[in-house]
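Please put together the full structure from these sequences, using the hints given.
If you read the protein sequences in the order shown, they are chains A and B. Residue 207 is where the first sequence starts when you use our numbering, and the numbers rise one by one after that. Residue 4 is where the second sequence starts when you use our numbering, and the numbers rise one by one after that.
Quick caveat, the hints were computed from the structure, so don't treat them as lab data. One thing to keep in mind: the hints can contain errors.
Claimed, not checked - Away from chain A, derived, C-beta distances all over 12 Å, residues of chain B:
| id | residue |
| --- | --- |
| 1 | S35 |
| 2 | E45 |
| 3 | Q48 |
To be verified - In silico DSS-like cross-links for lysine-lysine, where the CA-CA straight-line distance does not exceed 27 Å:
| id | chain 1 | residue 1 | chain 2 | residue 2 |
| --- | --- | --- | --- | --- |
| 4 | B | K71 | A | K215 |
| 5 | B | K71 | A | K276 |
| 6 | B | K102 | B | K55 |
| 7 | A | K263 | B | K102 |
| 8 | B | K80 | B | K55 |
| 9 | A | K277 | B | K102 |
| 10 | A | K263 | A | K220 |
| 11 | B | K59 | B | K102 |
| 12 | A | K263 | A | K277 |
| 13 | B | K71 | B | K102 |
| 14 | B | K71 | B | K59 |
| 15 | A | K276 | A | K263 |
Think of the CB as a built atom: it goes at the ideal place given N, C-alpha and C, for glycine as much as any other residue.
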Amino acid sequence: NAGVTQTPKFRVLKTGQSMTLLCAQDMNHEYMYWYRQDPGMGLRLIHYSVGEGTTAKGEVPDGYNVSRLKKQNFLLGLESAAPSQTSVYFCASTAGTSQHNEQFFGPGTRLTVL
Amino acid sequence: GDSVTQMEGPVTLSEEAFLTINCTYTATGYPSLFWYVQYPGEGLQLLLKATKADDKGSNKGFEATYRKETTSFHLEKGSVQVSDSAVYFCALSPPDRRKLIWGLGTSLAVNP
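Spelled out as structure tokens, the structure:
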């Protein structure tokens, strides 16, 4: 099992450009999450999904959109990138059947917006 | 609302020193509690967890006990190694299980 994979690993954008980050999991998990990690800020939840076809806003959703068309994939889109979106982005997934379930994380995408 | 507070870092220790990273929480109901670890350049991975009061989670020499009376879940290790250098996150999972509530993380550096 590959677990949770993220594509790409690194990306540099110019202000105003758009891009999509792809997260894929092969564990048949129901719940998936997108976080951003910034120095001193810990992990902040951007959006999440509790099943195929569903999405919900997290703490910091502005400037991002998501889609969960297939159970195994969760896409994060930036329509018009801003320097404030420079960050490391992590995807995670969990079975969602119990509050005891752990979240499994991908390796992260380091995004720089110039 | 639910929240997690953990001690600020960075924490710097010498090899074989004793480690404690404090974590306290506020929550309604009965959450599950977790410690995650993030090694440099990697994603987070579960270190240990406890699902009810007085449970002790343990892994790789680390331990934490779910203390409901003090709403705490402190992480301890008796003898740290250089390879334990990482960022440690405390988190709780409320009964609705939709989202984890995260602490800000504590950076640990272990010197030889």
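Here is how each hint holds up against the structure:
Here S35 (chain B) does not stay apart from chain A, with its beta-carbon only about 5 Å from theirs, under the 12 Å limit. At the 12 Å boundary, the C-beta of E45 (chain B) falls inside the reach of chain A, the nearest C-beta of that chain being 6 Å off. With a least beta-carbon separation of about 7 Å from chain A, Q48 (chain B) fails to lie farther than 12 Å from that chain, contradicting its non-interface assignment. For a cut-off of 27 Å, the pair hint linking K71 (chain B) to K215 (chain A) is broken: about 40 Å separates their Cα positions.
About 40 Å separates the Cα atoms of K71 (chain B) and K276 (chain A), which puts this hinted pair outside 27 Å; it is violated. Proximity of K102 (chain B) to K55 (chain B) is assessed by CA-CA distance (about 18 Å); at most 27 Å being required, the pair is judged to hold. A hinted pair counts as satisfied when its Cα atoms are at most 27 Å apart, and K263 (chain A) with K102 (chain B) qualifies at roughly 11 Å. Between the alpha carbons of K80 (chain B) and K55 (chain B) the distance comes to roughly 21 Å, so the proposed pair stays at or under 27 Å and holds.
For a cut-off of 27 Å, the pair hint linking K277 (chain A) to K102 (chain B) stands: about 18 Å separates their Cα positions. For the suggested pair K263 (chain A) and K220 (chain A), the alpha carbons sit about 25 Å apart, so the restraint of at most 27 Å is met. With a CA separation close to 22 Å, the supplied pair K59 (chain B) and K102 (chain B) stays within the 27 Å bound. This hinted pair checks out: K263 (chain A) and K277 (chain A) have alpha carbons roughly 18 Å apart, not beyond 27 Å.
For the suggested pair K71 (chain B) and K102 (chain B), the alpha carbons sit about 21 Å apart, so the restraint of at most 27 Å is met. Taking the CA atoms of K71 (chain B) and K59 (chain B), the gap is about 12 Å. The hint holds against a cut of 27 Å. Pair hint K276 (chain A) plus K263 (chain A) holds up; C-alpha atoms about 18 Å apart against a cutoff of 27 Å.
Consistency note: the structure conflicts with the earlier hints numbered 1, 2, 3, 4, 5.
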